[in-house]
Amino acid sequence: MRKRGDNKQRERIERRQLNRGADREQRQAQRHAAAIARATHRSTPVTIPLDVFEDIVRYCDGKTLSSLASTCHFISACVAKEVQWREANVPHVPRAYLRMYEEDYEFGDATFPRPRGIQINMMPFHLEDAAGTIPAECHGYLAFIRQCVGRSTGLAYLTIDEREVPIGESHRRGGLHIDSPTVWEELLDSEPGDAGKRFKPYALRWGFGVGRRSHRDGPWGQFEMIDGGIFFASSSAGTTRVYPNLILNPAMVDAHGSIKGYRHLLGDPIELDAGEVCWITDKTPHESLPLRRKRPGQKFSFRQFFRLVTGPVDVWFSKHNTPSPFGVLPDCVVTDVDKFEVVARGDGKRTLYSEIVNYS
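Note that full-length UniProt numbering numbers the sequence shown so that position 149 is 149, with each residue one more than the last.
Watch out, some of these pointers could steer you wrong.
[As the list claims (entries may be wrong)] Computed cross-link-like contacts, BS3-like style, restricted to lysine-lysine with a CA-CA straight-line distance of at most 25 Å:
| id | residue 1 | residue 2 |
| --- | --- | --- |
| 1 | LYS81 | LYS63 |
| 2 | LYS200 | LYS63 |
| 3 | LYS200 | LYS294 |
| 4 | LYS294 | LYS319 |
| 5 | LYS81 | LYS200 |
| 6 | LYS260 | LYS200 |
| 7 | LYS260 | LYS81 |
| 8 | LYS260 | LYS63 |
Just so you know, these hints were derived from the structure itself, not from any lab.
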């Protein structure tokens, strides 16, 4: 009996020793695999195609892009490429807009006149004879005109919009946009192998606008030298937002000037005060904001809007603009094209360009 018990005990000891040896070998194998993994990770990191990061940085705002450039050095080339593209297509520039403060007024403070329900859009008139070439009911805005352009001469286009606006809606065009729309020009010199016709984007001028630096003191400070552009103001504070950028790539813009989808590329905007006159180019992003409720139960808010386009305009749409009662004609192509109806049709951008050219 004792011999049989000794054998069983010996077998248990041998199995225990074998298990310990197997565990030791397994641990050694695990440590060896871990060492190989660490060495492999240091020498050959996981590779991800850089074009993936190019797609990522494309949707980053400016602050996020700067953070990526300083922390993720392995994609610094992607960030640098994106920054270069933005500087060429959506530059952040101080001359994108100019604000006229009260102390800068050369011709005195101009306030909105008593509203008359005026509704005119892009009506041509002569700056040197504004009183004689705009209707009498618009003379309350002569102070605004003088404040903007002083004693300048030439053709300009006047817009006045006075009406009640439902709370929560924008008075003028909502959404981020610029005033220079894009149409598509057909290229006749199609290269061999091209499938069908080719087109390229073409930006229509709608006021242009250039702000030049000046070392002389003046009502506009260091940017007093301005050429063309668009002046505008409203009677309600916080209903207009303007961005410090220029959209130089017409392929980013649709036939109505919309640039939705590119908000993250823009700098911090400003909101205009009531009665504040602002000058912009036709490539300056801006938007009309929904009117806010000022008292409980308010459903509508009255707002006055003034705009003066002083630079060159490529197309004047007769179905949307106001003709001069004094016979002043636009100095550009006049078309009967309905720009909203044309764009609503299938091939909107291309059709609009071809119809405009037919009227030229």
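ask   = Which earlier hints can't be squared with this structure?
value = The structure breaks hints 2, 3, 4; every other hint is satisfied.
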